[in-house]
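Enquirer: Below, each chain spelled out in residue letters.
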Amino acid sequence: MAKSLMIVDDSATMRKIIMRTVRMSGLKFERTEEAGNGAEALQKLGGSPVDIILCDVNMPEMMGTELVKKVRELDSCANTKIVMVSTESSKELIDGVMADGANGFINKPFTPEKFQEKLSPLID
Amino acid sequence: MATSQTEVESQAVELSAEAFEAFCDDISGMFGADMACEQQDVTTVTVKDLKKHFKKLTAVNSVKAEGVMDGTFQLVFDQGGLFTLSGVIVMMPANRILEEIKRGTVEDMEAMNDAIGETGNLLVGTWDRVFREGLEGHGHFVQSNSFIGKPWDEPEKTIGLAADGEFVFVSYEMTIGEYPAFKCGVIFPRTIFGSKSDAEQAASAQEEPKEKPATEEAAATEEKAEPAQEEPEEKPATEEATATEEKAEPAQEEPEEKPATEEATAEQKEADADTDASDNTIEEKPAVTDEKEESKEPAAGVVSETIQKMAESPAVLPGESTDIFLAICAKDIMEKNIIWGNPDDSVQQVLAKMQQADAGYTMVGSDGALEGIVSKSDIAGAISPYLRPIFAKWRRPLDDATLQIKTKWIMTRPVHTVSPDTSLAAIMQNMSQLGQRGLPVVDKQGKVQGLVTVFDIFRFMLNDNPNVSMIGKTSKAPPLI
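Going down the list, the sequences are from chains A and S.
For the first sequence, the positions run 51 to 174 when the numbering used here is used.
For the second sequence, the positions run 78 to 558 when the numbering used here is used.
Next up, chain A with everything else stripped away, as it sits in the complex (with noise of 0.2 Å):
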């Protein structure tokens, strides 16, 4: 089944790599959506929603912890899967993230590797 993505993050150049770096990892996605802060992202949520969100967790307007809580309020992002991509990455943010409802947490830097592995679960 066709699956779709999308990247939050507030650096265009970042979403880029994050980009570069699913494809690398051989991951395929029918569709992907790019957004620059939560707003913009729960903005496009809400026309139209997607199956995996690679979540930035510092960003101006709304940060990526507040965009957890925000997808999980919403009907239908049900079965949206949200991974946390950050260069931090404290036990407690982790921690704290994850019991708003994120379902996975990747480090900066990373790896196509990485990716395969945080991301093949939630996809299959």
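Hints listed in this document are in silico derivations from the structure and should not be mistaken for laboratory results.
Glycine residues also receive a C-beta, built at the ideal position from the N, C-alpha and C atoms.
Certain hints may be false.
Stated by the list, open to error - Part of the chain A face toward chain S, derived, beta carbon under 10 Å:
hint: 1; residue: T71
hint: 2; residue: T130
hint: 3; residue: V133
hint: 4; residue: T161
Assemble chain S onto chain A, guided by the hints.
Expert: Just chain S now, kept in the frame of chain A:
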């Protein structure tokens, strides 16, 4: 638990090597670039010494540390590192990276600010991971500010470094692939290794990380910049200068150290020649204004716009979408070393020039004004097949006469050209429609600036596509004879 200042300092210096090496591994893994680093020196320095190490444009990532290391330290890259790293990350063509390492301007850096910021972000991520694994009592590191420019005249304001402080500077030489080696390092204020109680460490480690604006961060650093109790007494100026000279490794490509007065004059000259230090300053993600002065180096300035377009465009892999073909322009990939001929040159003369330069085309005209273009196909059509070595034994005296054919009789005209800002997509479309393998790049004044051939496009695509491997050197054009 490592609680003494000396122990923490020693471990931090040791882990800095691991952290830079891990960063090299991470970038290699992410971008398929062969990256390595080697520790050069561990010295005690002042801001004046750092200025000698990093005279050109510099990238400084300020990192807020919490836990057993408490305060702000700096990760610093020289101009070469700045352009090489960010260029590799945005998949800039290799020849462009090399050009910007040498002649990159503040405007070029500004255009790559997002990539530079992200490079710093990735670097801090790696450092945090290595220190979490290796330093007991480590809380976390978070990037608090990134600065690009010349910070040493106002270090407190620009990068939160006390102007009169003494720092531990660990310098490294880093390489990425075939690019020239560059300098980087870490600057630890001695105050960052100050002892804290277990309770204090636990409390600060649990604090939620919050990025502060640059000014706030600088103020916070200023507050913390009080000398530690164990800090050594300040040396007399002359003694300090001597010690620093002994310790400081001369920077690559930089002139020998001069006496103080001479140095001051030289610095003044340098300041006059360059743009003002404050002009070189780029805070993280600045607003792009239309009032920006035109770059003194038009080529580099224009490329910055290209990279900016790349950064603003949706994420794509080269070769998988047309976006990158729209972002890359003729000027980014064209061959600038082109062969020129005169309309009255003989085929033999033109052929000799093309063979000598291994070029596929000769421009016909003078002073950059184009009258025609001669390709190897044009020559092949003009000369007798019996002039080819393989048929040499059947060569007739009459065949030699064909070598005296004038260029103007065989050149193609009118010449189809593109402008320096023509997108790669448009170039490819033109080539397909016209059936031409090369298009001269002509500016608004009608002067030829370069030539884009199908081989330049192939090289660009191969260099940027990790799924395609290349063995050996790509020839510029297939040999004719």
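Enquirer: Each of the hints needs a verdict: does it hold here or not?
Expert: So, going through the hints one by one against the coordinates:
no., hint, verdict
1, T71, "holds (6 Å)"
2, T130, "violated (20 Å)"
3, V133, "violated (16 Å)"
4, T161, "holds (4 Å)"
Checked against the numbered hints above, the structure violates hints 2, 3; every other hint is satisfied.
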